[in-house]
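Go by the hints and put chains B, C and D onto chain A.
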Amino acid sequence: MSVVVESLLRLGDNGLILSHRLSEVVGKQPILEEELASANVALDLLGQSRLWLALAGEIEGEGRDADALAFFRDVRAFRNALLVEQPNGDFAFQVARQFFFDAWHHLVLRGLTRVTDHRVRDIATKASKEVAYHVRRSGDWVVRLGDGTDESHQRMQTAVNELWPYVDELFMDDETDVAAHAAGVGVLHAPLKAAWDTLVQDTLAAATLTVPPASKWPQRGGKQGRHGEHLGYVLADLQYLQRAYPGQSW
Amino acid sequence: MSVVVESLLRLGDNGLILSHRLSEVVGKQPILEEELASANVALDLLGQSRLWLALAGEIEGEGRDADALAFFRDVRAFRNALLVEQPNGDFAFQVARQFFFDAWHHLVLRGLTRVTDHRVRDIATKASKEVAYHVRRSGDWVVRLGDGTDESHQRMQTAVNELWPYVDELFMDDETDVAAHAAGVGVLHAPLKAAWDTLVQDTLAAATLTVPPASKWPQRGGKQGRHGEHLGYVLADLQYLQRAYPGQSW
Amino acid sequence: SPEARRFQERVDADIRIEPREWMPEAYRKTLIRQISQHAHSEIVGMLPEGNWITRAPNLERKAILLAKVQDEAGHGLYLYSAAETLGVSREELTRQLVTGEAKYSSIFNYPTLTWADIGVIGWLVDGAAIMNQIPLQRCSYGPYARAMIRVCKEESFHQRQGYASLMVLAKGSAEQKEMLQDALNRWWWPSLMMFGPPDAESVHSAQSARWKIKLFSNDELRQRFVDQTVPQAEYLGITLPDPDLRWNEERGHYDYGKIDWAEFQAVVAGNGPCNRQRMQSVNSAFYDGAWVREAAAAHATKTAERETQ
Amino acid sequence: SPEARRFQERVDADIRIEPREWMPEAYRKTLIRQISQHAHSEIVGMLPEGNWITRAPNLERKAILLAKVQDEAGHGLYLYSAAETLGVSREELTRQLVTGEAKYSSIFNYPTLTWADIGVIGWLVDGAAIMNQIPLQRCSYGPYARAMIRVCKEESFHQRQGYASLMVLAKGSAEQKEMLQDALNRWWWPSLMMFGPPDAESVHSAQSARWKIKLFSNDELRQRFVDQTVPQAEYLGITLPDPDLRWNEERGHYDYGKIDWAEFQAVVAGNGPCNRQRMQSVNSAFYDGAWVREAAAAHATKTAERETQ
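Protein chains in written order, with this note's numbering: chain A, 12 to 261; chain B, 12 to 261; chain C, 215 to 523; chain D, 215 to 523.
Think of the hints as simulated: they come from the structure by calculation, not from any bench. Being a predicted model, the structure only gives us computed values, none of them experimental. Glycine is no exception: its CB is placed at the ideal position from the N, C-alpha and C atoms. Some clues are possibly wrong.
As the list claims (entries may be wrong) - According to the in silico footprint, chain D covers these stretches of chain A (three or more CB under 8 Å from chain D):
{"#": "1", "stretch": "81 to 91"}
{"#": "2", "stretch": "218 to 228"}
{"#": "3", "stretch": "231 to 239"}
As the list claims (entries may be wrong) - EDC-like mimics (lysine to aspartate or glutamate), calculated; alpha carbons at most 16 Å apart, straight line:
{"#": "4", "chain 1": "B", "residue 1": "LYS227", "chain 2": "C", "residue 2": "GLU477"}
{"#": "5", "chain 1": "C", "residue 1": "LYS426", "chain 2": "C", "residue 2": "GLU232"}
{"#": "6", "chain 1": "A", "residue 1": "LYS39", "chain 2": "C", "residue 2": "ASP502"}
{"#": "7", "chain 1": "C", "residue 1": "LYS391", "chain 2": "B", "residue 2": "ASP85"}
{"#": "8", "chain 1": "D", "residue 1": "LYS516", "chain 2": "B", "residue 2": "ASP158"}
{"#": "9", "chain 1": "C", "residue 1": "LYS516", "chain 2": "A", "residue 2": "ASP185"}
{"#": "10", "chain 1": "B", "residue 1": "LYS39", "chain 2": "B", "residue 2": "ASP101"}
{"#": "11", "chain 1": "D", "residue 1": "LYS516", "chain 2": "B", "residue 2": "ASP151"}
{"#": "12", "chain 1": "C", "residue 1": "LYS516", "chain 2": "A", "residue 2": "ASP151"}
{"#": "13", "chain 1": "D", "residue 1": "LYS516", "chain 2": "B", "residue 2": "ASP161"}
{"#": "14", "chain 1": "A", "residue 1": "LYS227", "chain 2": "D", "residue 2": "ASP502"}
{"#": "15", "chain 1": "B", "residue 1": "LYS39", "chain 2": "D", "residue 2": "ASP502"}
Looking at chain A on its own, in the form it has when it is part of the complex (with noise of 0.2 Å):
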C-alpha cells in the first residue's frame, strides 16, 4: 500500500474509531447540553473521516471507497492511534482522550492546511475550523473537572494518568510518516510535541492537575495496525450489517 493511502487511512480511521466511541455514549451524557456537543463532535469526526477515506480509496485506486475501507477491513488493517480506541470508562476519561487527541489533531491539521496537496490542505482547512473549536471544549472540561470538586480532581487525574502512556504514539515518526510528508501529503509528528506540550501543560496547570512523568515505555503501534483488544469488539458492532448483508444498499 502507498505511503499516501497510508497516511490518509490513520487520518480517516482516528476520525472513525473516537466517533464511534463517542456513538457508545449518546444518551448517556451526565448533561443534556453535553449531548448535543458531544454528539457534534463525533458527527464532525465522522464527517472528516468519510473525506479521508474517500480519498485514501481514491488513490489507492482498487475501488474502495469510504464505506469499503470502514466496513471491509479486518483489526489489522486499522491504522487508528491506540489512544481513541480505549474504551470509554467515566466522563473524566473520556473529557482526557478527547483533549489529548484534539490537541494533537488541531495541530497536525493546522500542518496539513500547508503541505502541497491540495486535496489533503482542503479536507485539513476544513476540517482544522472544526477541531479549534473541539479543543477548546474538551480543554474547558479538563480544567472543570480539575478545578471542580474533589472527587472531579481526583477523576480528572487518574483519567490524565492512565491515557499518559498512549500519547507518545501520536508524535513518534516512522517511515510512512516521513515518506508522506516528503511526498506533500502529509506532515511530521515530532516537532508538534513541544506546541502540545505548552497547551497540555497549561491546562492541566489551570486545572490545578499535575503532569504525569513521561512514559518509560510508551504504548506504541496502533498506526501500524497493532492494537489492542477493545479494538476487535468495536469493529464488531460496527461491521456486523455490512458483514452480514454483503453487497447490498442502505
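Just chains B, C and D, lined up with the frame of chain A:
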C-alpha cells in the same frame, strides 16, 4: 420452517445464547472454584446446543449444519427465550438467571426423554444428567446468597425481582409447541409450571427470599424471534469471524 | 374572576399567552405536564435510535442517524426551556423523569431490533409526532407554539429521511424487504397508540381544547395519520398489518382495526418490553453523572469568586 | 545443621520432600514464590484466551477453547493447593496477586488480536510452559512434582490442539495464512522471553538447582524450545521472524538472534501493552466479588450454627 425444526432451534438457541453469556464472564468470577463450575455449565450448554442445532439442520434438510445455524442467522431468526439473553449484571443476577433457566430446563429435558422421537430422547437423556447438576448448583447459590449477608440478600432479591417478568414465557405454549408435542419431538411447557413453582418457591423460602407476585404483563416473544435490544450485540461478537471470512475452515 | 375572563378572551381571539401574563393555575400545570412529557420523550427517544448509531450500515446513514439523535437532544432542550418559562426548573423536571413521576411517550418502550426499525421510527413515529405537533404550532402558549414550529420543521426532515431509507430497503434484496415488512409489523400498532386513548376515555380534553393547548381529539389525529400513511405504505409496496384496514367511501376515511388498549395500558404502567431498560439508562446517566454536574457548579462558583476579588 | 544436611541428602538421593518434613526456610519461601507465580500465571492466562471464546470461529473451536480456559482455572487450583501445603493461605496468595506484589508470566501482558493468536498461544506459549514444567515433574517437592505431572499432561493436550488449529489455517485461504504468520511474528519473541533472563543475569539459580526445584538453566530450556519449534514451524510453512535463525552444525543446535531484553524488562516492570488491563480485570473480579465471598462465608457459618443447635 417445520415445527420440528423450529422446536429444536428453541432448545439449541437457549443453550447457545446462555453459554455465550457465561463465556463473557470467564476469568471474572468472584471465586476460582466458580470459574470451573461456571465454565463447566457453559460447556455443557454449548455441547447440548451443538446437538440440537445439528439435529435441526439434519431434519431441515437444506444443508445447514450446527455452525451454519449458529453463525448465519440474524437476530429475528433466533429462538431463545428472553431470559437467557439478559446481560450478565452482578453475580446474583447470573445466579438468578441460571436458576430460573436450569429449573425449567431440567423439567423440559426430563419430558423430552419420554417423547417418541429417539434422536430427541437420546440428546435429552444425556443433557438431563448434566442439567441435574446445573440446577443443584444454581439453587445452592440462590440459598447461599439469599441467606448470606444483608447485602447479598438484597442483591439476590433484586435479581429475582428483575428477572421474574421473563419467567412466564418459558411456560407459554404456542402453536409450534403444541404441534411439536403432537409430532412426538416436544413437550408442552404449561404443565411443567407447577413443578417449577414448587422448586423455586422452596428454594426462595430456604434462601429467605420473597417470591414476587405474578407478572401482570409478562415479557415474551423470544421463542418467536422477538428479542430485546441486547441480542444483536451478542450476535455481532458471536458471528464476527464467520461473517468476516465466509466459507473458510477453522 | 376578571383575569380569568380576560385570559379566555385572549385565547379565544387567538392572541398568544406569554410567560409574564396572568394565567389560570390549572392551565400552567397542564402545560407544564404536557410540555415536559414531550421533552422527556425526546430524551428517552434518543435511546432506541441511539442503539443503532454504532451499527448503522454505512457511513452516510450513520451520520444521518447521529445528527437526528442530536436534534432530539436539541428538541429536549427547547422544550425544557419552554417549560421553564412556566416557572418550573430543569432540575425539577429532570427529577420527575428520573424518579418515574413524569411519563414519556410509551412508544420508546419498544426495542429497535433491526436496521429497518430506524427507518420505520422515522416514518411512523416521527410522522405520528408531527401529526400531534403541527396543530400545536398554533397553540395558545407562545413559547410552546414557537418551540413546536422549530421542532416540526426538523421532525419533518427526519421523517423524510426515514422514509427515504425505507425506499432503499423496499427496492433492495428479499432480505431487506422482509426486514422492512417485519419492522412495520412491529411498529404499526404502537404508532397508532401514540395518539393516546380513544376520545371516549380521554380525560382533560374538553378543558385543554378550550385553552387551545389541544386542538384536535386523539381519534381525529389518529384518523388523519392512518389516512396519510396508507398511501405511503402502498408506495413502499408493504402491507400494513391490519386485516380490517380499508377505504370507507362513505366516511371518506380509512377504517382500521381494533387497537389492543390492554397492551397500551400495560406499557404505560411500566410493563413494556423496554421500560425497565430505558429507566435504568436514564437513571444511570443521571446518578453516574452527578459528580460532573457538581464539579461544573463548583468550578463556576470558584471562577465567579475569583472574578469578584 | 543436621536437619539441613539430612534434607539435602534426601534431595540428592531424589527422595521427595513432603509437606510435614523439615525443610530450610529459604527453600520453603522460594517454592512458595515459584509455585504461586505459576498459579497466578494460570489465572491471568485465562484473560487473553478468554477474550476469544465469544468470538471463536465455529462451535467446535469454541468448546475446545472454553475447555482449555477452564483447565487453566483448574491448574490454578492445583497449584494454589500445592502452595498451601507450604503453609501459605489462598487468601494471602490472592492478595499478593491483586496488589501486584506477586508476578505472573509476562507473556500474558500481550493482547490477543486475531483468532490465530489463540492457536499460536497454544503452540508456543503452552509449548514453552511445558518445556519449563516437564523437568519439574521430577522436582524435589512432592506436591509440586505431582501437580506438574497433571498440569503437563493437560498442557500437552492443549498444545496439540493449538498446533492442530494452526494446521487448518496453514492449509486455508491466503487471509488465514497471513493471519497465522502475523500472529507468529507477534508472539515468537515474547515466547522466547518466557524462559527468563539469560543465565548470566539470572539470580537464585545455583541454589534452586541444588534444591532440585530448577533442573535446567533458562538458556538450556530456551535452546531446547527453539530446537523443538523450528521444525514445527517449517511443517506449518511459516517463517520464524528471526533473520539470524540457522542450524549450527557444530553446536548441534539452532542459533537464534538477540532477544530484546529491554522490552522484557519494560513488560515485567508493568509497561507492557496489557499490564494495566490485566490488573484491572483481576482487581475488579476480586473487589466486585468480595460480597459473594462474604455471603458464602456468612451462609456457611449460619449453616454450621444451625447444625450444632
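Hint by hint, here is what the structure shows:
1. 81 to 91: holds (count 3)
2. 218 to 228: holds (count 3)
3. 231 to 239: That given contact holds, which follows from 4 residues of the stretch 231 to 239 of chain A lying within Cβ reach (below 8 Å) of chain D.
4. B/LYS227 x C/GLU477: holds, 11 Å
5. C/LYS426 x C/GLU232: Given pair C/LYS426, C/GLU232 holds - Cα atoms ~14 Å apart, limit 16 Å.
6. A/LYS39 x C/ASP502: holds, 9 Å
7. C/LYS391 x B/ASP85: holds, 14 Å
8. D/LYS516 x B/ASP158: Holds, at about 8 Å.
9. C/LYS516 x A/ASP185: Distance of about 45 Å is beyond 16 Å: violated.
10. B/LYS39 x B/ASP101: Given that 16 Å is the threshold and the Cα spacing comes to 11 Å, the pair holds.
11. D/LYS516 x B/ASP151: This hinted pair holds, its Cα atoms lying about 14 Å apart.
12. C/LYS516 x A/ASP151: Between C/LYS516 and A/ASP151 the Cα gap is close to 14 Å, so the pair holds against 16 Å.
13. D/LYS516 x B/ASP161: Given that 16 Å is the threshold and the Cα spacing comes to 13 Å, the pair holds.
14. A/LYS227 x D/ASP502: violated, 31 Å
15. B/LYS39 x D/ASP502: Holds - the C-alpha atoms of D/ASP502 and B/LYS39 are around 9 Å apart, at most 16 Å.
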